[in-house]
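Q: Generate the whole structure from the sequences, applying the supplied hints.
Read off the chains here:
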Amino acid sequence: MSPKTLYDKIWDAHVAHESEDGTCLLYIDRHLVHEVTSPQAFEGLRMAGRKVHSPEKTIAVPDHNVPTTAGREDPAQMTEESRIQVEALDKNAKEFGVHYYPVSDIRQGIVHIVGPEQGWTLPGMTVVCGDSHTATHGAFGALAHGIGTSEVEHVLATQTLIQKKSKNMKVEITGKLKPGVTAKDITLAVIGETGTAGGTGYVIEYCGEAIRDLSMEGRMTVCNMAIEGGARAGLIAPDETTFEYVKGRPHAPKGAQWEAALNWWKTLYTDEGAHFDKVVTLKGEDIQPVVTWGTSPEDVLPITATVPSPEDFTGGKVEAARRALDYMGLTPGQKLTDIQIDTVFIGSCTNGRIEDLRAVAEVVKGKKIKDGMRAMIVPGSGLVRAQAEEEGLADIFKEAGFEWRLAGCSMCLAMNPDQLSEGERCAATSNRNFEGRQGYKGRTHLVSPAMAAAAAITGHLTDVRELM
Amino acid sequence: MEKFEKLHGIAAPMPLVNIDTDMIIPKIFLKTIKRSGLGVNLFDEMRYDREGNEIEDFVLNKPQYREAEILVAGDNFGCGSSREHAPWAIADFGIKCVISTSFADIFFNNCFKNGILPIVLPQEQVDLLMKDAEKGANARMTVDLEAQEITTSDGEVIPFNVDAFKKHCLLNGLDDIGLTMEKAGAIENYESKMSQERPWV
Ligand code: SF4
Numbered sequence: 006m007s008p009k010t011l012y013d014k015i016w017d018a019h020v021a022h023e024s025e026d027g028t029c030l031l032y033i034d035r036h037l038v039h040e041v042t043s044p045q046a047f048e049g050l051r052m053a054g055r056k057v058h059s060p061e062k063t064i065a066v067p068d069h070n071v072p073t074t075a076g077r078e079d080p081a082q083m084t085e086e087s088r089i090q091v092e093a094l095d096k097n098a099k100e101f102g103v104h105y106y107p108v109s110d111i112r113q114g115i116v117h118i119v120g121p122e123q124g125w126t127l128p129g130m131t132v133v134c135g136d137s138h139t140a141t142h143g144a145f146g147a148l149a150h151g152i153g154t155s156e157v158e159h160v161l162a163t164q165t166l167i168q169k170k171s172k173n174m175k176v177e178i179t180g181k182l183k184p185g186v187t188a189k190d191i192t193l194a195v196i197g198e199t200g201t202a203g204g205t206g207y208v209i210e211y212c213g214e215a216i217r218d219l220s221m222e223g224r225m226t227v228c229n230m231a232i233e234g235g236a237r238a239g240l241i242a243p244d245e246t247t248f249e250y251v252k253g254r255p256h257a258p259k260g261a262q263w264e265a266a267l268n269w270w271k272t273l274y275t276d277e278g279a280h281f282d283k284v285v286t287l288k289g290e291d292i293q294p295v296v297t298w299g300t301s302p303e304d305v306l307p308i309t310a311t312v313p314s315p316e317d318f319t320g321g322k323v324e325a326a327r328r329a330l331d332y333m334g335l336t337p338g339q340k341l342t343d344i345q346i347d348t349v350f351i352g353s354c355t356n357g358r359i360e361d362l363r364a365v366a367e368v369v370k371g372k373k374i375k376d377g378m379r380a381m382i383v384p385g386s387g388l389v390r391a392q393a394e395e396e397g398l399a400d401i402f403k404e405a406g407f408e409w410r411l412a413g414c415s416m417c418l419a420m421n422p423d424q425l426s427e428g429e430r431c432a433a434t435s436n437r438n439f440e441g442r443q444g445y446k447g448r449t450h451l452v453s454p455a456m457a458a459a460a461a462i463t464g465h466l467t468d469v470r471e472l473m
Numbered sequence: 009m010e011k012f013e014k015l016h017g018i019a020a021p022m023p024l025v026n027i028d029t030d031m032i033i034p035k036i037f038l039k040t041i042k043r044s045g046l047g048v049n050l051f052d053e054m055r056y057d058r059e060g061n062e063i064e065d066f067v068l069n070k071p072q073y074r075e076a077e078i079l080v081a082g083d084n085f086g087c088g089s090s091r092e093h094a095p096w097a098i099a100d101f102g103i104k105c106v107i108s109t110s111f112a113d114i115f116f117n118n119c120f121k122n123g124i125l126p127i128v129l130p131q132e133q134v135d136l137l138m139k140d141a142e143k144g145a146n147a148r149m150t151v152d153l154e155a156q157e158i159t160t161s162d163g164e165v166i167p168f169n170v171d172a173f174k175k176h177c178l179l180n181g182l183d184d185i186g187l188t189m190e191k192a193g194a195i196e197n198y199e200s201k202m203s204q205e206r207p208w209v
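Listed in order, the protein sequences are those of chains A and B. The opening position of the first sequence corresponds to residue 6 in my numbering, with each subsequent residue numbered one higher. The opening position of the second sequence corresponds to residue 9 in my numbering, with each subsequent residue numbered one higher.
Worth double-checking, as some hints may not be accurate.
Derived, one-sided and incomplete: chain A residues facing chain B with beta-carbon distance under 7 angstroms [claimed, not checked]:
id, residue
1, Q45
2, G153
3, T154
4, A202
Facing chain B, a subset of chain A residues (Cβ under 10 angstroms, in silico) [stated by the list, open to error]:
id, residue
5, D17
6, A21
7, P44
8, S87
9, I89
10, Q168
11, K259
12, H280
No more than 25 angstroms apart at the CA atoms, straight line, and that leaves these computed lysine to any residue pairs for SDA-like [unchecked claim]:
id, chain 1, residue 1, chain 2, residue 2
13, A, K283, B, V170
14, A, K373, A, E395
15, A, K56, B, L182
16, A, K169, B, H176
17, A, K14, B, E199
18, A, K169, B, N169
19, B, K201, A, M6
20, B, K42, A, A419
21, A, K271, A, V284
22, A, K14, A, A261
23, A, K283, B, P130
24, A, K56, B, G47
25, B, K42, A, M52
26, B, K201, A, P60
27, A, K14, B, S200
28, B, K42, A, K373
29, A, K169, B, E154
30, B, K175, A, V20
31, A, K96, B, T40
32, B, K11, A, K446
33, B, K11, A, R55
34, A, K446, A, E427
35, A, K169, B, D171
36, B, K201, A, A257
37, B, K42, A, G102
38, A, K170, B, Q156
39, A, K446, B, E53
40, A, K252, A, R217
Hints are computed from structural coordinates only; laboratory data are not their basis. Even glycine gets a Cβ: it sits at the ideal position worked out from N, Cα and C.
A: Dropping the structure here:
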């Protein structure tokens with residue numbers, strides 16, 4: 006048999022039907038659902054008189070719209086429209102009998118944090134969600150796609166997705182990371198290298214020593230942003246770190262089933278000599294703490310650099326860079342570390358896990374945030390929040406002057422009340438710096454949790470290595 | 009879904025690269041639980057000022073492009089989120105075809121589910137069509153899906169590729185779910201096989 010990539014293996018294990026032209030029905034093992042991209046899909050089922058094919062494989066949780074301030078069970082905290090969406094999810098989850106974590110449940114949180122935390126996401130699975138950051142689950146060696154609402158409806162009705170196979174791309178990060186450099190810096194550096202369209206049409210497998218050395222949290226951060234690199238999905242082969250994380254989770258297999266699962270999972274790696282259509286290699290030791298300066302995640306530079314000029318680019322990017330600099334209120338040649346910050350947002354499915362919060366605590370312990378700074382930490386789930394409180398991190402944050410919030414997407418996309426105002430500049434641990442993403446005319450610089458923490462203390466973009 | 013008929017219409021030029029889904033439909037409009045009515049908010053932040061007045065020099069506000077049915081756009085169109093609100097808004101505005109050098113994956117798929125034809129062409133041909141679109145309302149392009157050809161206002165013919173299955177669905181206005189349900193037997197077989205092989209799933 007010819008050697009296969011990890012992607013080939015998972016793909017082959019899930020083809021329920023293949024047409025002559027190569028269009029496949031890919032069987033879906035887990036379907037995650039949230040309130041923003043699902044109402045029209047459930048409505049479609051209802052109108053066609055269809056049921057959810059596998060409610061036991063479908064997990065719903067509200068996250069995008071929910072307020073993250075205390076007392077949020079009070080519907081008055083939400084705008085009318087947000088409330089309608091969350092209530093629609095409540096109702097649809099009940100009516101169609103899918104697993105559900107309502108706002109009042111401590112297990113509620115960002116869908117991509119809840120899935121792995123509860124053991125729904127397992128190696129070798131296919132996972133979909135009506136959300137592009139479904140790529141996160143690839144950290145487990147699961148093939149995880151973001152899908153649109155029509156596809157959500159298709160999966161609800163049939164438990165399959167119509168797909169053609171993508172190409173294979175390998176992203177290898179060799180060697181070790183330097184101190185102060187994190188998974189977030191890896192994933193941003195890769196996008197800086199390949200561009201936001203570099204992965205279009207591919208599924209990326211991340212590998213190499215620096216990836217192997219990451220915890221599951223770090224791996225999730227890397228795969229999370231595969232989509233910003235344009236890829237359909239990101240994958241990391243499962244190993245002991247993965248099995249260790251999964252074991253004992255509420256929905257992970259137990260006993261004899263665990264052994265059987267483990268046997269299969271151990272076969273999930275890319276065979277020697279398997280073909281990749283594209284290969285990108287970065288040296289771990291070359292990666293520095295990075296920030297974004299523009300309005301595309303590919304606008305990445307090491308924190309030690311200066312703001313570029315539109316003339317540094319070619320083609321359509323010249324105009325895009327000019328527009329970005331204008332939008333961001335930056336001048337070419339300005340040192341990135343001279344950029345003053347008004348707000349710090351720590352959270353999201355990219356960096357809202359316990360390890361991220363520990364990294365923040367390490368930087369801010371015993372310090373105070375800059376006067377006038379608005380800084381908030383939004384844990385990715387109720388359980389992350391509880392753990393951070395137990396570990397004493399929450400006290401460190403509060404003493405430093407951070408707002409300590411309840412779980413949700415919050416200012417990552419600012420659909421809830423947390424938004425930037427016009428011209429407000431934010432260092433954020435989330436994944437998108439698009440125009441208006443965090444609020445109308447708001448300005449976003451994407452950074453790692455440690456770098457965000459450093460900016461909160463100093464009031465400007467800062468090389469975290471100077472605070473270490 | 010509506011059938012994709014041969015299209016003869018105005019093309020609007022949007023040369024900006026990396027037009028993302030937040031630009032196409034800002035998140036404040038995601039709070040709907042319906043599919044329709046998003047057309048007025050297509051490209052909202054580029055199209056209107058804060059008071060809701062039209063920004064004159066935005067392409068779709070110009071008199072010659074208000075009825076555009078085709079969009080010729082810069083590279084990596086539709087990047088960002090999976091929100092199908094983006095193609096819903098585009099379709100609701102009346103745009104039925106988007107042409108670019110590349111599209112973000114999820115957006116590309118979402119288009120076909122909503123009767124929109126996304127066409128990928130090499131840079132030179134997109135440049136040529138961009139120039140044609142810049143001529144304004146009198147320069148109508150023709151997009152013939154059946155023949156897989158675009159004809160410029162000057163009569164130049166540009167062939168394009170499209171996935172055979174997607175073409176078939178678009179031409180006939182077929183609903184994916186119905187088609188898949190015809191294969192229920194294959195899905196059942198797969199499920200019973202898996203309950204043996206991977207029972208933990
Ligand atoms: S945290 Fe942000 S990127 Fe992640 S699912 Fe929520 S809104 Fe999307």
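Q: Checking hints one by one. Is P44 (chain A) an interface residue toward chain B, by the C-beta closer than 10 angstroms rule?
A: Holds: closest Cβ of chain B sits about 4 angstroms from P44 (chain A), inside 10 angstroms.
Q: Restraint: A21 (chain A) near chain B, CB-CB cut 10 angstroms. Satisfied or not?
A: Because about 4 angstroms separates A21 (chain A) from the closest Cβ in chain B, which is inside the 10 angstroms limit, the hint holds.
Q: Against chain B, with CB atoms and a cut of 10 angstroms, does the hint on S87 (chain A) hold up?
A: This hint holds: S87 (chain A) lies near chain B, its Cβ roughly 6 angstroms from the closest one there, short of 10 angstroms.
Q: Mind checking the alpha carbons of K42 (chain B) and K373 (chain A) for me, to see if they're no more than 25 angstroms apart?
A: violated (46 angstroms)
Q: Holds or violated: are the alpha carbons of K175 (chain B) and V20 (chain A) at most 25 angstroms from each other?
A: The hint holds at about 22 angstroms.
Q: Can you verify the interface hint for T154 (chain A): is its Cβ closer than 7 angstroms to any Cβ in chain B?
A: holds (4 angstroms)
Q: Per the CB criterion, is I89 (chain A) less than 10 angstroms away from chain B?
A: holds (6 angstroms)
Q: Verify the interface restraint on G153 (chain A): the C-beta must sit less than 7 angstroms from at least one C-beta of chain B.
A: Holds. Min distance 4 angstroms.
Q: With a cut-off of 25 angstroms on the C-alpha distance, tell me whether K169 (chain A) and E154 (chain B) pass.
A: Holds: K169 (chain A) and E154 (chain B) sit about 22 angstroms apart, inside 25 angstroms.
Q: For the hint on D17 (chain A), just tell me whether its beta-carbon gets within less than 10 angstroms of chain B.
A: Violated, about 12 angstroms.
Q: Between K373 (chain A) and E395 (chain A), does the CA-CA distance stay at or below 25 angstroms?
A: holds (21 angstroms)
Q: Quickly compare the C-alpha distance for K283 (chain A) and V170 (chain B) to 25 angstroms and report which way the hint goes.
A: holds (23 angstroms)
The structure fails hints 5, 12, 24, 28, 32 (numbered hints given earlier, in ascending order).
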